[in-house]
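Chemist: Listed below, chain by chain, are the residues.
Number of protein chains: 2
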Amino acid sequence: MSKHNAWKGTVAVLAATAAMFGVTGTANAADGKSVDQLAAHGGAQRIAAIGSERAKNVILFIGDGMGDSEITVARDYLHGFDGSFDGLDRIGQPGKLGDAAAGTGQYTTYSLGGSSDDSAMAKGRDGKLTGSTKAGVMTPVTDSSASGSGWATGTKTYNNAVDVDVHGNPQLNLIELAKAKGLATGNVTTAEIQDATPAVLESHSTERACYGPQGKWDGATDTNGDGKVDASDGDAAKNCLASQLKVNGGIGSISEQLLDTRADVTIGGGAKYFNQIDPTYGDGTKTLWQQAADRGFQTVDKDVDQFAGLAYQQDKPVLALMADGNMPTQFNPTPALTQEATEQRGPVSCTTNDKWLGTKNANGNSASLADMTDKAIDLLQANPKSRNGFFLQVEGASIDKQDHAANACGQIGETDDLDKAISAALKKVDLKDTLIIVTADHAHTSQIVNEPPAYALSTILVNKLGERMVVSYGTAPSADPDAADPTKGYGQGGMEHTGTQLRIAASGPGAQRVNGLTDQTDNFYTIAYALGLAADTDSQQRLSDGAKVEVAGKDGATVANATGFDGDAVLSYELKDDADGTVVASSDTSTPVSGVRVATAATTAIPLQQLTPGANYTLTVTGRQSGKQVTVPFTAAAQTSAGQSGQGDGVIASGTVNKPAAPGALGKTGATVALVVLAAAALAAAGIALRRQLAARR
Amino acid sequence: MSKHNAWKGTVAVLAATAAMFGVTGTANAADGKSVDQLAAHGGAQRIAAIGSERAKNVILFIGDGMGDSEITVARDYLHGFDGSFDGLDRIGQPGKLGDAAAGTGQYTTYSLGGSSDDSAMAKGRDGKLTGSTKAGVMTPVTDSSASGSGWATGTKTYNNAVDVDVHGNPQLNLIELAKAKGLATGNVTTAEIQDATPAVLESHSTERACYGPQGKWDGATDTNGDGKVDASDGDAAKNCLASQLKVNGGIGSISEQLLDTRADVTIGGGAKYFNQIDPTYGDGTKTLWQQAADRGFQTVDKDVDQFAGLAYQQDKPVLALMADGNMPTQFNPTPALTQEATEQRGPVSCTTNDKWLGTKNANGNSASLADMTDKAIDLLQANPKSRNGFFLQVEGASIDKQDHAANACGQIGETDDLDKAISAALKKVDLKDTLIIVTADHAHTSQIVNEPPAYALSTILVNKLGERMVVSYGTAPSADPDAADPTKGYGQGGMEHTGTQLRIAASGPGAQRVNGLTDQTDNFYTIAYALGLAADTDSQQRLSDGAKVEVAGKDGATVANATGFDGDAVLSYELKDDADGTVVASSDTSTPVSGVRVATAATTAIPLQQLTPGANYTLTVTGRQSGKQVTVPFTAAAQTSAGQSGQGDGVIASGTVNKPAAPGALGKTGATVALVVLAAAALAAAGIALRRQLAARR
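Protein chains in written order, with the UniProt record's numbering: chain A, 1 to 698; chain B, 1 to 698.
Chain A with its partners taken away, still in its complex shape (with noise of 0.2 angstroms):
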């Protein structure tokens, strides 16, 4: 996909954006709130705060796809019609968890566009999805992106949109928050960690498919069959747009990105993607596993043992992926049967996969969620910085993916396994500082029943207790074309998600302001307001006001980098040689995604040019949320050889932010200014190519 078509879509998605705050903007006053107003940061918030509770620490637990429905089902199978989950109903049930706060309380999670005429949800699954032709658009039915980018950031906005708002924008998300409050961070799910939820922690990415620099390429296959392995064999699942890409001056993919927001500890799936090769890193060759050891962290590829054995190193964030793709379910599948294959197939019990990886292996060690969870927490525990506080997000990932499967058991077992690292996690944290919320992203398709139904299809299940159920599927788009064979499930990965409200449940210090009916955006404030940071957008913004750039000769080289820019996502920058005012380099701006990562409370390189040494020259970067900007006038190092500290080494110069605090044109939510500087980023799309490669790292 051309840069240049991708932002055909963009225009398409202004004029279509604007016509509909004509309509909307009078129709909902009565109701509610314009999309123009739901699209702004806080828009969509149901409640404001209620009370004052801070916690030192906050652990959210996603169960993706798990809606009440999905709740019950597993609570029926695994502990009877009457029983109890120990971890999961334990959560917000007051009395329960000693004199802890409780609360529990619905919340909403329509989103805004991006799958409202087509099945953009199934085809953003498979990799077939670039781009959102239809954001702006009222959906009722949310994808795991659009919704985990609502409690992440909170702001309301389109199906595969990852932290980012209708018109592109960058929204920081809660462990860039974190981070810049001096927490501990952690993100562990079951997924692939470039899949959604776990991304609307890492990344800022217009399409959830750009799991890599090569897309969802699985960095080891010659998939053009030109005999050797290299970045070329991506392109065809570059699922990215264009110029989001390093290479083409943006700021990166999912997975790059998690190396620059370089959360303390990070767990999940998706190890294969990390053998993707960043073109624009070093000398163009390294892996990303090469790259994030270069960069310091403690690398685990899907070894039990060495995950069993991480330990809190200092300056040494984890990233441990365990599986190359989404990690096994616990239980085998049971696919959902016609009404009639399904009767003769008869009832039938969840059976342990034998890949399981919380099954112990012969060194007595296993990697559940239960497990993840628990070293998660070990590692954050160790760490100093949760002297402050630590905000970990736990997902179980695949009760969402069995339910597309119309997998009873698959999604059961899931269900499983969230709720024993709920139980894991009440073994090691105090609810006295610590506030525990378990919810979800959306709900999902699986319905209980008596009997299997004509329509759907349905799965017949008889737990240990003898006790029957029927669990159906009927939301999938299309049937299989192998439907009338009895024998074969089918449905399988179509079913679709739902648009019922949602169950939140909390434990601890703030648990009360989940009651109620909230939307998805408020568990955002939820936790920002617990953990102390900064909630609103004004706040977001000062968190640059301490901004700095400092310039510096290194070996010969003139380098500059930024630090303190913690309210921005992306700087953009201009270098100017002062003598005839030309501009030398500058980083793209033609879109929001266009421009330098910030190393999320760290140092962010700004990459300068070959400059000429003596020379004058000014180099201005700007924080392309906060629009807070940084000014330094300087004089180029001189050159020597490569290798050897040089006479210009050291600081040259440096400026910090030399603005008032005047909102800047993107990180301003609101939709005037950001439609202005779309259309005058899609143009510039179209015909400016100021671009240039950047090797923007820690």
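By construction, these hints were calculated from the structure, which means they are not laboratory data.
Keep in mind that a hint or two might mislead.
Same chains, same label: a pair holds when it works inside one copy or across any pair of copies.
Unchecked claim - Below, simulated DSS-like cross-link-like pairs (lysine-lysine); rule was C-alpha separation at most 27 angstroms, straight line:
id, residue 1, residue 2
1, Lys385, Lys548
2, Lys427, Lys385
3, Lys302, Lys355
4, Lys181, Lys360
5, Lys33, Lys464
6, Lys228, Lys33
7, Lys33, Lys96
8, Lys286, Lys554
9, Lys302, Lys360
10, Lys228, Lys286
11, Lys316, Lys548
12, Lys428, Lys385
With chain A's structure known, arrange chain B on it following the hints.
Modeler: Using the frame of chain A, we list chain B on its own:
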């Protein structure tokens, strides 16, 4: 159906239940309780009492079939995806109703048999199900009668049961207990007043379809074509356990018991069933309407102006039935179609039904659910008993019924009606002394998706805001044979309930008791504790401690009147001739619904035979729930001409409870005792016939 055959089922249940105890008694130990334990009064509770807040009044709003999905469908359509209900969403919402306590949570709704391997619920609605062949089987999906019995009595029971446990034993309900405490009571619904949800506040019935003495006959049609309209026309519609019918010595149908329960306000549909004849009342030709009038009810038969004019009159409870069947819905139907047909039809919007009672008539009167709620509260507040408080249930019934019919606009309009009824209530009560609870009885089929699914039927809706959504229905056990016709709606009437946990929300004193995960039966305790009613079995049995029986001469005959059996729903009696010890009269005790229905918190007439004047007798009256017994030795009154006051008029003798508070055999819900008694009862039913026609009336 003969009585003999009816109890064959029960004997089978005994065996099945006993077998089951063997299995589940062990297997359930890890996760919960045995079926036996669950079936006991209060056995399925999840929470202990939380807090001690008392409310003077409680209003319970039930959206029948209003799962979270149905709530979201209606909110999305009526108020936009980001909108809120004015009533429904304010209940339980912190800060939205001043400083009233607020709570929201989820509750489980499983039941104990009745439809586990056949489609008993659907059959039940069609009036074809007679008896419960599956009582005592763990069932993941409840019907409205088991669920209603759960919150009305605190006892988990089988689908099809109305306030009887799995052994058929009547369980006291909230209106009976509220009346025992001197509270005013009300019962409002858009369904037939005999339908399960209102019925659980009126009656005890082993079968929910036992609407009247002639079952579900309309009371006006010459069904058997014999040229006259009489009781025999109802023979084919008699969905009652034979022994429950008054002609067979039973406590009577739901409609008849409604008159015995005598709530202060009863408003609903089902008027035509009151055209039935109670052959045991008066001269055996009077309709239930006539009986209601005789017994002092203010009756309204479908007249909106009469309804609007209703006002409190002392000792004149209101019985207003505003439709022959269920009330017309607010919106016209939008039948769900196959994927191809619904796409061909395109988006539809909801239009108002001409027959909806919420539209004002020429006199400016209407009878929406909000109007009925408003009227009910006015009547209750004007009632001097409301100084002690009141209990009112309001049901929006056709959310369920239209969900069964795969009719999106139908269910949406009914949810709107319920929401507006809540808003109407909020204008009339003070949440300082009134607890309002909003919940449902079971979840249902409808799901919100972005596109029409291939498997299920669906309707594409577009609301006044231009927002598009698809509502999908896929749980029907059989597809309509006309499925190939895309112009026709089908699957009507066939969609099934689902087993997912439900939302419960509350505002007012004690609202926090609904937080967390509770069971449907906990709702009984929430309400009973708030109102200070007798909640546990022992307290309920003690309500009959003051029971008294007076034998009097009246018009030359000897009559007996029982009062103070407030802990009982059914009385048995035995009349012995002291001369030779022979039993000259006795109530039937062959089943738990045999005997004399207690006129709740009023005087219950015990039918004595024509006695020998001057002879000595002993009358023993036993509360079948409490086990409390009153024995009255007396001398029969001298005979006089009818209608003339004779020498024996006035009280001849009286007695009070002469047994200590030993639990009565049938009042004790423990299974061991009940099993023995039931086994004996089954034998009795098969062989012994001591039945006499009763004329128990107020």
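Chemist: Take the hints in turn and mark each one as holding or not.
Modeler: Hint by hint, here is what the structure shows:
1. Taking CA atoms no more than 27 angstroms apart as the test, Lys385 paired with Lys548 passes inside one copy only; the shortest distance there is 23 angstroms, against 75 angstroms between copies.
2. Taking CA atoms no more than 27 angstroms apart as the test, Lys427 paired with Lys385 passes inside one copy only; the shortest distance there is 21 angstroms, against 52 angstroms between copies.
3. When the C-alpha separation of Lys302 and Lys355 is checked against a cutoff of 27 angstroms, the pair qualifies only within one copy, where the shortest distance is 12 angstroms, while the shortest distance between copies is 66 angstroms.
4. Proximity of Lys181 and Lys360 under a CA criterion of 27 angstroms is satisfied in neither setting, with 38 angstroms inside one chain copy and 60 angstroms between copies.
5. In this assembly of identical chains, the alpha carbons of Lys33 and Lys464 lie at most 27 angstroms apart only when taken from different copies (14 angstroms versus 50 angstroms within one copy).
6. In this assembly of identical chains, Lys228 and Lys33 lie within 27 angstroms of each other by CA distance neither inside one copy nor across copies; the values are 54 angstroms within and 63 angstroms between.
7. Proximity of Lys33 and Lys96 under a CA criterion of 27 angstroms is satisfied inter-copy only: 19 angstroms between copies versus 39 angstroms inside one chain copy.
8. In this assembly of identical chains, Lys286 and Lys554 lie within 27 angstroms of each other by CA distance solely inside one copy; the values are 23 angstroms within and 106 angstroms between copies.
9. Proximity of Lys302 and Lys360 under a CA criterion of 27 angstroms is satisfied intra-copy only: 14 angstroms inside one chain copy versus 70 angstroms between copies.
10. Taking the closest pair of Cα atoms, Lys228 and Lys286 come within 27 angstroms of each other only inside a single copy of the chain (15 angstroms); across copies the shortest separation is 95 angstroms, beyond that limit.
11. Taking the shortest alpha-carbon separations for Lys316 and Lys548, only the intra-copy value of 25 angstroms comes in at or below 27 angstroms, while the best inter-copy value is 83 angstroms.
12. Proximity of Lys428 to Lys385 under the C-alpha cut-off of 27 angstroms is restricted to the intra-copy arrangement: shortest distance 17 angstroms within a copy versus 55 angstroms between copies.
The structure is inconsistent with the numbered hints 4 and 6, although it conforms to all the rest.
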